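If you're matching them up, the sequences are chains A and B in order. Per my numbering, residue 910 is the first one in the first sequence, and the count goes up by one each step. Per my numbering, residue 3 is the first one in the second sequence, and the count goes up by one each step.
Just so you know, the hints here were simulated from the structure itself, not pulled from any lab data. Please note that the accuracy of each hint is not assured.
Said to hold, decoys possible - Listed next, the stretches of chain B that the computed footprint assigns to chain A, with coverage defined by at least 3 CB atoms under 8 Å from CB atoms of chain A:
| id | segment |
| --- | --- |
| 1 | 56 to 63 |
| 2 | 154 to 166 |
Stated by the list, open to error - Taking lysine-lysine and the DSSO-like style, the derived pairs with C-alpha atoms no more than 30 Å apart in a straight line are:
| id | chain 1 | residue 1 | chain 2 | residue 2 |
| --- | --- | --- | --- | --- |
| 3 | A | K1389 | A | K1355 |
| 4 | A | K1254 | A | K1298 |
| 5 | A | K1175 | B | K345 |
| 6 | B | K17 | A | K993 |
| 7 | B | K459 | B | K373 |
| 8 | A | K1122 | A | K1018 |
| 9 | A | K1175 | A | K1126 |
| 10 | B | K369 | A | K1297 |
| 11 | B | K459 | A | K993 |
| 12 | A | K1298 | A | K1374 |
| 13 | A | K1175 | A | K1122 |
| 14 | A | K1374 | A | K1254 |
Given the structure is predicted, the values throughout are model-derived calculations rather than measurements. Just so it is clear, CB atoms sit at the ideal spot from N, CA and C, and this is done for glycine as well.
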Amino acid sequence: MAEGAPELEAVIGLEIHVQLATRTKMFCGCELSFGDEPNVHTCPICLAHPGVLPVTNEKAIRYALQIAAALECEVAPRSIFHRKNYFYPDSPKAYQISQYDIPLASNGKLGDVRIHRAHLEEDAAKMIHVGESGRIHGSGASLVDFNRGGTPLVEIVTEPDLRGAAEAAQWARLLRETVRQLGVSDVNMEEGSLRVDANVSVRPAGSEQLGTKTELKNMNSFRFLQRGVEAELERQRALIGAGGTVTQETLHFDPRSGELTSLRSKEEAHDYRYFPEPDLVPLAPTEEMLREAREALPELPAARIERYVGELGLAEDVAMTLATDPQTADFFERAAAAGEGVEAKAVANWVTGELAAALRQEDDEVSAADSRVEPEALVALVALVQEKKISHGSGKTVLAALVAEGGDPAAIVEREGLAQISDSGELESIVAAAVEANPAAAEQIKAGNGKAIGAIVGAVMKETKGRADGGEVSKLIREKLGI
Amino acid sequence: MGELLDLTVAEAAAKIAAGEISAGEYFEAWQGAAAGDELNAYLWSVEDASTYEVQDGPLRGIPVAVKDIFCTEGTPTTAGSRILEGYRPPYTATAVQRLDAAGARVLGKTNMDEFAMGSSNENSAYGPVLNPWDHGRVPGGSSGGSAAVVAGGLAPCAIGTDTGGSIRQPASLCGIVGLKPTYGAISRYGMIAFASSLDQCGPLTRDVTDAALMLSALHGRDPLDSTSVGIEGGIEAPSAEDLSGLRFAVPAELAGDGMEAGVREVFEATLKRIEELGGEVAELPLPHAEHGISAYYVIAPAEASSNLARYDGVRYGARAETAADLLEMYETTRAEGFGAEVKRRIMLGTYALSSGYYDAYYGQAQKVRTKIAEDFRAAFEGFDFVVTPTSPSVAFGLGEKTADPLAMYLNDFFTVPMSLAGIPAISIPAGLAEPAGGGPQLPVGFQIAAPAFAEQKLLEAAFALEQGIGFEARPGGEDG
């Protein structure tokens, strides 16, 4: 960028396709599947035989209404299906039934990103391009698997409210977690049940106007989403910095090479000739359907994060970790509720920190909720540490025992003899011995090297088998050295 | 044998039910008649009837000719197009299943204008159907085959589809009864789509009683068609003896130019007959009806351009084998598979839906459509029925209008407004008239339209008028 030129701000909006986990397809009775033999889940309707008609899957409408409720959208009293016309073998009718000018839901928000709209449509069939790359360029033949064709999709379009690649990926994670907790989709990016496209542009910081955007297609992990957007932002900034302009086009990001290749330009864009689908009646959700969608809502990640940070004083990242794992979050809440005088923040740190680490050590990795550790036991343990009845190190030992066999922390402390040395005379003599045994460290501390204290503290801990409080030990060492 | 074929469907069904004639014997008689098709009216007909199992029901033992636009599992279904040559559907249309469940059975599949686009049957990829009254003339279209087999004694009854007049106009030109029910009365599932918001299945029969009998079996809500609702209260055999107390509106806008003198004579005589039967006739403005054709020829091609896009050679039907790539395969398959009229309408419709033209064409046509529906609603506040001639002319000569698509489109002038409004309308034979260019007399149809789902009332009036007219003429005359 030229010297003195204004900084170019990233402006990112996402388009997310969510495959709904209904039993059957959007407009016919074929079962949904993943990984089955090709073309076994097909019928005259989803193969677009002459004379067939679509019938809307009511379950898909109910699931879409749950998503709309979770995203705090307004639901249209009557939304309309349109035909989006294009020729391609993945589209057997040569049109996709989608929603156009009146979507099911609009004007919502998730976190601090506004939702432009959310609508129902059907998925295309899967093209398999025979050849090394798996992409259409350079392949000799293409095969079509219609199993996926007609799978219900909800397309969610955000406003361009995201300001960076990492932020975009983080928000996409929040959205996935939200939809996952509704139980309406598998939201598996690798299997394609969650697909993210990004609209990317840049503009001088502070400007209200939007720059020309490009669309990045189908990045199949959050990491690739982030890297793809980063690469595109870098490309656009370099282009503009060199005096060029961005052209509107659709791009493919290759995560292996990190390269962006153009799929089609604006001039090549299809004229989809949208018109209202005459084979379907308008989609008019009943009061009962709307109520059911609202009542089925669990407490969603965004709300949990807000409550944990605002009411319980948890750090943002700890709150996020818990919110994306509702089982563990529930475990945390039970523990926090059981512990009188123990701060929720301390409990949360133990759940997401020490307990998570201890559980990872186990062979069959289980979640906190499924482990032998009772929430009441955990909070009792945190209390023992906070009240300095045991040291932090001993606390971890007790936790390991709890993970292995369950039980009561106080009993384990007793059995293992882990109670902290409370007799200050005993501790003082151990400290004095340690200082004498480490004269070099003692000299360095006196010379002002604070870090050297670690060696003496370590010696004390070794002698006491961790039963001493680290802070107390440091204090005694300093006193001994007269600082 | 001859006697069997003279029975109406209602008469034959009653005799079969009473055990006076056997279902097998009756079916075989019609099979023999169908095998003697000299009108090019059948594209396929049953050869082996030995496996015929009779279902019990009101149509027990009745053979039905089915327009080749209805999918029938395992038997050829082409919609009159090369692009579906050799196609055998894996399923059967709901309308045909309902007839089956009522005891009827498919006798054959009838010829038609390709994808129901046409008013003369000359747009069939399998050659034109000949009018049984005069083999040098067209039977009308697009359900020309279905009309010709009933008029020509090749089937006791038939079903067809009507998008802008495709049942009523051929019924008129062949001197039989043709009923287009309310949009939504009969399931469209399995009926190959031309213009989805207009297409409706209906019967073509010798008389009004048979039309009622068939409609009672055909109508009903179908879970496979979201736009189907059936007719509340069902349909019974009509029995009205007169038209007293009923008011018939003649729309001034639809009685103007372009009508043959003979047609006008029969129409006016029929209005007098209505009055003799106790009905009241008055003129009424239907101000937007004359724009019906313009709106129709935007909406129908627009929907067709999308409906016909699935014929791409990928999954079934004809496929160009020599293409070098996907695009060429699409283009060659469709260039070879579709006829000229279908291509014309696909292009018209594609244009009308294109970005930048949508509002001016499709959007505007939909507004006209709404206005026409409002006109009818207003008319039905003061009147029971709206009546017109069915077609501006009697059957015209083969090749007479093929060079002039606009002249051909005007055949639908009287029938299109009802299609756009979605209301039921019936054509009954009202008399004979000499064609404009001279020659033997040919049938003239009279169209009666009623409010949505008022089929029973419509059939009662048509029945009373039919009895009053007493139309007895049959094609072929002395050598028939």
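To see whether the hints hold, each was checked on the structure:
1. 56 to 63: Not satisfied, violated; 0 residues make the cut.
2. 154 to 166: With 0 residues closer than 8 Å to chain A, the segment 154 to 166 of chain B misses the three-residue bar; violated.
3. K1389(A) - K1355(A): Given that 30 Å is the threshold and the Cα spacing comes to 11 Å, the pair holds.
4. K1254(A) - K1298(A): Cα-Cα ~20 Å, so holds.
5. K1175(A) - K345(B): At roughly 28 Å apart (the allowed maximum being 30 Å), K345(B) and K1175(A) satisfy the hint.
6. K17(B) - K993(A): Not satisfied, since the Cα-Cα distance of roughly 53 Å exceeds 30 Å.
7. K459(B) - K373(B): holds (25 Å)
8. K1122(A) - K1018(A): holds (22 Å)
9. K1175(A) - K1126(A): holds (15 Å)
10. K369(B) - K1297(A): Outside the cut-off at roughly 81 Å; violated.
11. K459(B) - K993(A): Since the Cα atoms of K459(B) and K993(A) sit roughly 41 Å apart, the hinted pair is violated (cutoff 30 Å).
12. K1298(A) - K1374(A): Given that 30 Å is the threshold and the Cα spacing comes to 15 Å, the pair holds.
13. K1175(A) - K1122(A): holds (11 Å)
14. K1374(A) - K1254(A): holds (28 Å)
Taken one by one, the earlier hints fail for this structure at numbers 1, 2, 6, 10 and 11, listed in ascending order.
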